[in-house]
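Sequence order for the protein chains is R and W. Quick note, the first sequence lines up with residues 0 to 209 if you use numbering that gives the first Met the number 0. Quick note, the second sequence lines up with residues 0 to 209 if you use numbering that gives the first Met the number 0.
In short, the hints are calculated from the structure, not lab data. All values reported here derive from a predicted model rather than from experimental measurement. Heads up, some of the hints might be wrong.
Which copy? The list can't say, so a pair holds if one copy fits it or any two copies do.
[Said to hold, decoys possible] Derived DSSO-like pairs (lysine-lysine); straight-line CA-CA distance at most 27 Å:
1) LYS163 with LYS185
2) LYS185 with LYS133
3) LYS133 with LYS163
4) LYS177 with LYS163
5) LYS133 with LYS186
6) LYS185 with LYS107
7) LYS133 with LYS177
8) LYS177 with LYS98
There are 2 protein chains.
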Amino acid sequence: MTAPMDSAHVFVVDDDGAIREALSSLFRSMGFDVRSFSTAMEFMAHDLPDLPSCLVLDIRLPLISGLEFQSQLARQNIHIPIIFMTGHGDIPMSVRAMKAGAVDFLTKPFRDQDMLDAVASAISFDRSRRLDEKSLLSLRERYSTLSPREQEVMAHVTSGLLNKQIAGKMSLSEITIKIHRGHAMKKMQARSLADLVTMARSLGLSHNGP
Amino acid sequence: MTAPMDSAHVFVVDDDGAIREALSSLFRSMGFDVRSFSTAMEFMAHDLPDLPSCLVLDIRLPLISGLEFQSQLARQNIHIPIIFMTGHGDIPMSVRAMKAGAVDFLTKPFRDQDMLDAVASAISFDRSRRLDEKSLLSLRERYSTLSPREQEVMAHVTSGLLNKQIAGKMSLSEITIKIHRGHAMKKMQARSLADLVTMARSLGLSHNGP
DNA sequence: TGTCGGCCTATACCTTGGTATAGGGTTCCC
DNA sequence: GGGAACCCTATACCAAGGTATAGGCCGACA
Numbered sequence: 000m001t002a003p004m005d006s007a008h009v010f011v012v013d014d015d016g017a018i019r020e021a022l023s024s025l026f027r028s029m030g031f032d033v034r035s036f037s038t039a040m041e042f043m044a045h046d047l048p049d050l051p052s053c054l055v056l057d058i059r060l061p062l063i064s065g066l067e068f069q070s071q072l073a074r075q076n077i078h079i080p081i082i083f084m085t086g087h088g089d090i091p092m093s094v095r096a097m098k099a100g101a102v103d104f105l106t107k108p109f110r111d112q113d114m115l116d117a118v119a120s121a122i123s124f125d126r127s128r129r130l131d132e133k134s135l136l137s138l139r140e141r142y143s144t145l146s147p148r149e150q151e152v153m154a155h156v157t158s159g160l161l162n163k164q165i166a167g168k169m170s171l172s173e174i175t176i177k178i179h180r181g182h183a184m185k186k187m188q189a190r191s192l193a194d195l196v197t198m199a200r201s202l203g204l205s206h207n208g209p
Numbered sequence: 000m001t002a003p004m005d006s007a008h009v010f011v012v013d014d015d016g017a018i019r020e021a022l023s024s025l026f027r028s029m030g031f032d033v034r035s036f037s038t039a040m041e042f043m044a045h046d047l048p049d050l051p052s053c054l055v056l057d058i059r060l061p062l063i064s065g066l067e068f069q070s071q072l073a074r075q076n077i078h079i080p081i082i083f084m085t086g087h088g089d090i091p092m093s094v095r096a097m098k099a100g101a102v103d104f105l106t107k108p109f110r111d112q113d114m115l116d117a118v119a120s121a122i123s124f125d126r127s128r129r130l131d132e133k134s135l136l137s138l139r140e141r142y143s144t145l146s147p148r149e150q151e152v153m154a155h156v157t158s159g160l161l162n163k164q165i166a167g168k169m170s171l172s173e174i175t176i177k178i179h180r181g182h183a184m185k186k187m188q189a190r191s192l193a194d195l196v197t198m199a200r201s202l203g204l205s206h207n208g209p
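Produce the entire structure from the sequences given, and follow the hints as far as they go.
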């Protein structure tokens, strides 16, 4: 709602200086913050900002191919959305890139508008991914402050067991369960059981098996 | 768990009889139930089984292109996963297909194993999609038996409000809320509040705003 | 050694949830 | 008119949840 067009970053990696120039000025004219590099190494040496961003990548790079670089980023859990460009690519390349999650795969020469559309979609995707990740992170942080017993009780509570049943399962008294449960609610900053259940699902604490 | 390789269906659409033959025998040898067609129309005239299945589609078809057919299926809410084949396709085609959700996009000639891998992945995808859809459908069916008031109460309950607060919001007495709530639990076959919350989320009944 | 945090328990008390029973009302349809 | 479904309310009672107060046990750590 109240999210303006906070400065978004576009990273360009292409060994052709003319293309870097052209893309940089194109993106800058649209209000993006642009950084361009001629190799993947250079890009990796640069610190990624904590802002919505995307990577515009030529598939043919010095030393390492764009596809390899893509999977390298994935292995390092770097989730920046990627838009590929190619002058001489083939279909298997594009399919592999798209399967690996690329946002788009443009063949040179492309229309400026196509590139801008791809970047806009990538940025918007990254923005919402970042929001999701941020809230999940804060959730995990809160969860990590629970003692082992509290985590255990939380799992049982959110799977729908009564305090009495949990007490039986853990061979504890019901009052102890109530205490742990209360602590879990406070630490997780849950305002209701419904809240806690939702949090547990986001954390992957669902033991819904027969 | 107890899901054996229930008969899965592979549909082949290609105007080249030789290819239809070759693929049919390939898939049949792997235990799939195969139906082949030379046009999209023929395929559409065939009833789709309520079983995991996928569609192996040549991108160049008589009358209608494979890509058009793909979006036509999407418009009709037919979600069968698609594997494209092409002899003379280009990159933009493959990218468009993949963006629209195709499982794979193979260039002829392809290795049998590549096609089998794609089909296996498509079938497994469709199987889990069908399971999800089935449970969502049964959920919606149960939800539709709730009276308007019961639905309203369910939404409030699963958003974490106390009976008392719901009563205030709806200008009703607390006991009435309890009644509706109890009915909702019974009709939804929820065994606990946690259950109901989960169901509400699956149904998209989340009013989590500040 | 002391102390701090996690853990377990108990009593007491209050709030909330859940259901049965028993009414009252409406609308729609046979 | 009578039934059926929905809707609302009330009393009464019991089960479950939640918290405060208080105490004991243990291991880690300064």
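Status of each hint after checking the structure:
In the homo-oligomer, the alpha carbons of LYS163 and LYS185 lie at most 27 Å apart both inside one protomer (21 Å) and across protomers (22 Å), since each shortest distance falls under that limit. Taking the shortest Cα distances, LYS185 and LYS133 sit within 27 Å of each other inside one copy (20 Å), while across copies they are farther apart (37 Å). For the identical chains of this complex, LYS133 and LYS163 are neighbours neither inside a copy (35 Å) nor across copies (34 Å), given an alpha-carbon limit of 27 Å. Taking the shortest Cα distances, LYS177 and LYS163 sit within 27 Å of each other both inside one copy (9 Å) and across copies (22 Å).
In this assembly of identical chains, LYS133 and LYS186 lie within 27 Å of each other by CA distance solely inside one copy; the values are 18 Å within and 37 Å between copies. In this assembly of identical chains, LYS185 and LYS107 lie within 27 Å of each other by CA distance neither inside one copy nor across copies; the values are 56 Å within and 60 Å between. Taking identical chains as interchangeable, the C-alpha atoms of LYS133 and LYS177 are never at most 27 Å apart, the minima being 30 Å within one chain and 37 Å between chains. In this assembly of identical chains, the alpha carbons of LYS177 and LYS98 never lie at most 27 Å apart, being 48 Å within a copy and 50 Å across copies at closest.
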